[in-house]
Amino acid sequence: MTLEHYLALSAILFAIGLFGVLTRRNIIGILMSVELMLNAANINFAAFNRFLHFDAAVGNTSVIFIITLAAAEVVVGLALVMAIYKNLHTVYVEKYNILKG
Amino acid sequence: MIEQITFGMLASVVILAALGVVLMRKVMHSALCLGLCLAGVAGIFASLGSDFIFGAQILVYVGGIAVLILFVVLLAGQASDLVVRQINEQWLAAVLICMIFLWSFAKIAVQFAGARALTDPAPTTKAIAGLLLGDYAVPFEMTSLILLVSMVGAVIFGRRKVS
Amino acid sequence: MLEYVFILPLLSFAAAGLILAFGKWLPWKGASLGIAVASWGFVQAAMLFFKALQGGLTLPYEVSIPWFNAGFLSATLGVYVDGLTIAMLLVVTTVSLLMQIYSLGYMHGDPRFKRYYAYVALFTASMLGVTISNNMMVFFMCWELVGVCSYLLIGFWFEKASAASAGKKAFITTKLGDLGFLAGLLFLFTLTGTFQISAIMEQAHAGLLLPGAAAIACILLFFGAVGKSAQFPLFIWLPDAMEGPSPVSALIHAATMVAAGVYMVARLYPVYALSTVAMDTVAWTGAITAISAAAMALVCFDLKRVLAFSTISQLGYMMLSLGVGGLTAGMFHLTTHAYFKALLFLAAGSVIHAMHTNDMREMGGLKAKMPVTWITFLLGTLALAGIPPFSGFFSKDEILAAALARNPWLYFIGAATAAMTAFYMARAFVMTFHGEPRDAHKFDHAHESPLVMTGPLMFLAFLSLVSGWALARHELFEKLVSFEGVLPFGLAEVSKLKVEVSSALLAAVSMLFGAWLYKSRPDIPAAFRKKFSFFADMLDARYGLDAFFLAFVALGDRLARLLVKLDFDFLDQIAIDGWAWLGLKLSQLQGRFDNAVVDGAVDETGAIAMAGGRLARLAQTGLVQNYLLVVAIALSLFAAITFLI
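Chains as they are written, first to last, in our numbering: chain B, 1 to 101; chain Y, 1001 to 1163; chain W, 2001 to 2645.
Where hints are given, some of them may not hold.
Derived lysine-lysine pairs resembling BS3-like cross-links, with alpha carbons at most 27 Å apart [stated by the list, open to error]: (1) B/100 / B/86; (2) W/2160 / W/2024; (3) Y/1026 / B/86; (4) W/2479 / W/2367; (5) B/95 / Y/1026; (6) Y/1126 / B/86; (7) B/95 / Y/1161.
Which residues of chain Y face chain W? A few of them, derived with a C-beta cut under 10 Å, are [to be verified]: (8) 1090; (9) 1093; (10) 1094; (11) 1097; (12) 1100; (13) 1101; (14) 1107; (15) 1136.
Just so you know, the hints here were simulated from the structure itself, not pulled from any lab data. Ideal placement from N, C-alpha and C gives every residue a C-beta, glycine not left out.
Using the sequences and the hints given, assemble the complete structure.
Encoded structure:
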């Protein structure tokens, strides 16, 4: 396998994730799409580490960081989702327009 | 040969599961697809020879994050999910944007044509540990701080108001 | 002596100033200074006169200092003395001295005694300036100054409204004449290119001036003489000028100021003699003046006014003489007339001083009360009427002879005037001194005048007696004043003897007839006057000339009032109300502009801000995905641009 395959894969995954962020009506769906995008970036890092910078493990280290931070982000995000759900009783984002105007 | 098949199967799992995440009507199904996708990505890591992050992906992403999302979906899901459309009206713009992104990424990726792996995959754990505690010590500590902060934040956000 | 001639006017000017400034502390309140200066002038003039008659002077004598040089015009300041000048100098200084002595008595007790002498000194100075100046500009300046002094002296008793207006009238009428004088002077300058009298006369003698142009200049200049010498039609000021004191009348209206016009024509005689038109204008104006004034004197009851008309008439004679080429005759008559007319005025002043009235109808029988005045007045009357051997006879005869030589009509007018002159003088004499006193009260208070007043009378009477005969003898006067040039017309031969005899007879007969008429049969003149009241009234109204000139003044007044009305009602309305209206309209416009445009701009700015806000608010949907979409679009745009290029 060449680098292009992995880059193509990560690109497609990222695009799908982007599409999901922009179009999902469910807030949890958006969060999940964000996870997809992060994973696409992870694949990129790992692929570059394997093909171009195989002597050091910098790419893998970056993946570790991203995974950690994604976890933290999901925790906070979901806590926020729960808080919003308690107030607005809905998970559909078009209802979240208090800042409208 | 084996490598290509393996890659092809893993790639298709990942992509199909991702499509499932963004297109499924029921959020429950999306969450489950997410889990599958993340597992597929772990497989990709493995095919890249990154053993540690393969393990970390499974543990954290699939075991932690996907499960967490499932919990929240179960808590906040609604019966109306089945009949309601899940894609909002700006899908066309989103499609175009994704196309443009793909095209520009392709243009970048072309520069890396013909890059081949020159060495066999090696165990990375030691190397990662060496970096984490060496060159990247400060980000490592910061990350732990962020984790602490996010935990505190999550607790605050989930708190019941004292009346 | 000739070298000191220029001092004469300067000394008089100085005397005038000193009398005004220091008169209070001088003896006789400044009169002494005036008389002293006048006596010195008289002595100088008399010495010059006698020396000139003997032929001991080189004439003409000119001395001057450079005055200015302005390229096209250069002038010198100086004196020009010839026989004419000397004759005039003697006349002016003699009469000035005698009337100043006379005024010591006449003006005694007047509150403005000092000012009177200052004015008289100023007048004498200006008249001397006119006489001796060598430059027409200075001549004109002194001419004007003479007019000013006449105004001051005629209106001396300005508390009387009639005196003040008489002074004004004199000044304005002579000023009217001076318009013509100035025009003529400037025209003469354009012809000759100089104001120097000697240069002008040289050019005239050399024939460098065209007769037509010379005629125009001369007629314009003559206009000034018409005003100053009270010719027809500008004589209207002279009868009214009798409001002034009698010595003033003697000085100004007998001898000097009115003679200035005659002197001017005589001085520029070479220029006049170039053109028949100019000479004829002078002659006929003089003739008309002579006879019309004599007619007016026939019906006048004011003693001084009779003398005034007589002066006008005699001035007409002088102009007539000059106009027919008799320069010598005219100037001779000027000299003799100065003496006997001054005598008559001073004597009339003596009578008026005694009787406190001018009206002859209130006089009568004064012979007994005022013998000296009576005899001197009689001598003056005889001289004026032209009875030989008095001075008037000699001079008048020469004029009549010259007139006859030119044009018989002029002679007839002159002869008729002579007859009328003798008649009205006899009338005045008889009405004043003979017959029964008509106002007993005034008659009781009358007394003879003091010596200081009768002294000059006697001296003048002596001059009236001898000056004519003395100067006509051996053609002495002709040696002094004569015209050597060529006259523009021919003269006929006349028999001088015939003229003399006929004029003497005419004068004697008229005089006796007049004396008998007014002494024995005063009712006939009264009836005559009633029968021909139309003519009498016309003569009283001075041929309506006063009304004529007054109409012009009234016209000017009407015009001025119309312009004032125009200014106030029309221009001021436009200028003031118009500006106010304009200001109001402008401020209204500005107000509307302010409301609509300025406020509108402010309001619109706010409205635009709000509209902009409303527009911008559309982007604030509150939906995160919209924001994300925008970010993604921007990124893709950057990507597209980066990867397209």
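Okay, the hints, checked on the actual structure:
Distance hint between residue 100 of chain B and residue 86 of chain B is fulfilled; the C-alpha atoms sit about 20 Å from each other, no more than 27 Å. Restraint check: the Cα-Cα separation between residue 2160 of chain W and residue 2024 of chain W comes to about 25 Å, which is no more than 27 Å; the hinted pair holds. This hinted pair checks out: residue 1026 of chain Y and residue 86 of chain B have alpha carbons roughly 21 Å apart, not beyond 27 Å. Of the supplied pair hints, the one linking residue 2479 of chain W and residue 2367 of chain W is violated, its CA atoms being roughly 41 Å apart against a limit of 27 Å.
Among the hinted pairs, residue 95 of chain B with residue 1026 of chain Y is consistent with the structure: their alpha-carbon atoms are about 19 Å apart, no more than 27 Å. This hinted pair does not check out: residue 1126 of chain Y and residue 86 of chain B have alpha carbons roughly 45 Å apart, beyond 27 Å. Between residue 95 of chain B and residue 1161 of chain Y, the direct Cα distance comes to roughly 23 Å. Compliance with the 27 Å bound is thereby established for this hinted pair. A least Cβ separation of about 5 Å between residue 1090 of chain Y and chain W falls short of the 10 Å threshold, and the interface hint therefore holds.
The beta carbon of residue 1093 of chain Y comes within 6 Å of a beta carbon in chain W, closer than 10 Å, and the hint placing it at the interface holds. Evaluation of the residue 1094 of chain Y hint against chain W yields a held restraint, the C-beta minimum of about 7 Å falling below 10 Å. Checking residue 1097 of chain Y against chain W: minimum C-beta separation of about 5 Å stays under 10 Å; hint holds. For residue 1100 of chain Y, the interface hint holds, since its Cβ comes within 10 Å of a Cβ in chain W; the closest pair sits about 4 Å apart.
Nearest Cβ of chain W to the Cβ of residue 1101 of chain Y: about 6 Å, under the 10 Å cut. The hint holds. Look at residue 1107 of chain Y: its Cβ gets to within about 5 Å of chain W, closer than 10 Å, so that hint holds up. For residue 1136 of chain Y, the suggested interface contact is broken, since its CB lies about 28 Å from the closest CB of chain W, more than 10 Å.
Consistency with the previously given hints fails for numbers 4, 6, 15, ordered from lowest to highest.
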